[in-house]
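Since the structure of chain A is provided, determine the placement of chain B on it from the hints.
Going line by line, the protein sequences match chains A and B.
Residue 1 is where the first sequence starts when you use the numbering used here, and the numbers rise one by one after that.
Residue 1 is where the second sequence starts when you use the numbering used here, and the numbers rise one by one after that.
Don't read these hints as lab results, they were simulated from the structure.
Some clues are possibly wrong.
Copies of the same chain look alike in the list, so a pair counts if it works inside one copy or between any two.
[To be verified] Calculated lysine-lysine pairs in the DSSO-like style (CA-CA distance at most 30 angstroms, straight line):
(1) Lys5 <-> Lys58
(2) Lys5 <-> Lys53
(3) Lys47 <-> Lys58
(4) Lys47 <-> Lys5
(5) Lys5 <-> Lys113
There are 2 protein chains.
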Amino acid sequence: MSRSKAVGVLGGMGPAATVDLMQRVIAATPASDDCDHIRMLVDNNPKVPSRIKALIEKTGPSPVPVLTAMAQQLVAQGADFLAMPCNTAHHFYAELASAVDVPFLNITELVAKRIAISQPAARRVGLLASSALSQIRLYEPSFDTRNIEAVYPEASQQTELMALIQAIKANGGERCGYAALQNSAEALEAAGVDCLLIACTELSVVSEQLRSALPFYDAADILAQEIVTYAATD
Amino acid sequence: MSRSKAVGVLGGMGPAATVDLMQRVIAATPASDDCDHIRMLVDNNPKVPSRIKALIEKTGPSPVPVLTAMAQQLVAQGADFLAMPCNTAHHFYAELASAVDVPFLNITELVAKRIAISQPAARRVGLLASSALSQIRLYEPSFDTRNIEAVYPEASQQTELMALIQAIKANGGERCGYAALQNSAEALEAAGVDCLLIACTELSVVSEQLRSALPFYDAADILAQEIVTYAATD
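Pulled out of the complex, with its shape left as it was, chain A reads as follows:
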């Protein structure tokens, strides 16, 4: 049996996105039997107060108290480090990370680092993400220090993208069409971005639908790879 750290996953935002992350972790783990895989302690909690309602519509409570309790319970259960497969919820990253005494992977830092290493000349990154991201400027701090600019779809395309995200939250993405994803990607390409970034874990669930000549990165996949790498460290 290979030794490895256990990851605690603050999940359920949405539930299908968390399952997608788990599949990516399993697929990225070299294994010849059950015991070679990583222990994942997962709180797939779809009752976390809506990030959209709290941040954009300003009508709902902060998700921080629930997320903090989840993080602390996962650590109590034996999680050696934490990860959260929801880009938008990383708006609360600093508060959550300071509430536990184990490492907490930071999706925006991991993504920015990956883009800077694998495509050092990239200056403009097109974001396929929730409407919340441009408003809270989630990626800008991690991008700014690396001289990268976040480029967003125009409003009407962003609205369609948001409808697709809601459909994936509702039914796991099986019954919706994916035109909104493709249309936004093509518009960003026409706007001259150097690469695309899927920065919403719901969109990661359907990322294999995207066709683009541009390099594209998927925040959920980068997070999954880092979970596998970090779990193997001493």
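Okay, now just chain B, sitting in the frame of chain A:
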């Protein structure tokens, strides 16, 4: 937000099978947004001592202490009831269920009840499962009281089926062929069974590969449906 009970999942046996169960639960839940889904507290623990080594090869430790600790931690974390997506591990069901004070769904009882209701004339059920199941006679107590007989593939086919199960545990099933599943199903059909039962959660991961004219049941799917039903009860 719809209220619902939280399920605790004793998972990781194997990891892909647990992810498969979660997907089935999400797909079976009527939902229009995240909050309509069920909270799943999941310990996807691939380090649970091997059921095969403990029960068949008699070379490994009992998984009961680890499974008991997992069950109790999930209850402490807030699970209102428990489920375990591994047929073989239900050999230890009575011990585990008695170690917690919340309901613990019993996969063999759920499956036997479903077959008896939906196909009351069925007398012989062909099992597509781990080699352990015939040796520990896992389903026989639940079947016997309903006058149902469990029929197993012959030894050489069972060996091939076991190799497929191991491949799914190793790599999630993406790189293996599925001939062993189909061959065993056809042989059971030729032996005159009334229906087929996929009674291994690894085989459930690839159950859509199975083609059969017989009615077939999937223990993981029956468990997922019961999780959704039970979570909605008061």
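Hint check results:
For a Cα distance limit of 30 angstroms, the shortest separation of Lys5 from Lys58 across copies, 28 angstroms, qualifies, whereas the shortest one inside one copy, 38 angstroms, does not. Taking the shortest alpha-carbon separations for Lys5 and Lys53, only the inter-copy value of 24 angstroms comes in at or below 30 angstroms, while the best intra-copy value is 35 angstroms. In the homo-oligomer, the alpha carbons of Lys47 and Lys58 lie at most 30 angstroms apart inside one protomer (18 angstroms), although the nearest pairing across protomers, at 43 angstroms, exceeds that limit. In the homo-oligomer, the alpha carbons of Lys47 and Lys5 lie at most 30 angstroms apart both inside one protomer (27 angstroms) and across protomers (11 angstroms), since each shortest distance falls under that limit.
In this homomeric assembly, Lys5 and Lys113 come within 30 angstroms of each other (Cα to Cα) only inside a single copy, at 23 angstroms, whereas the closest approach across copies is 40 angstroms.
Against the hints set out earlier in the document, no violation occurs for any number.
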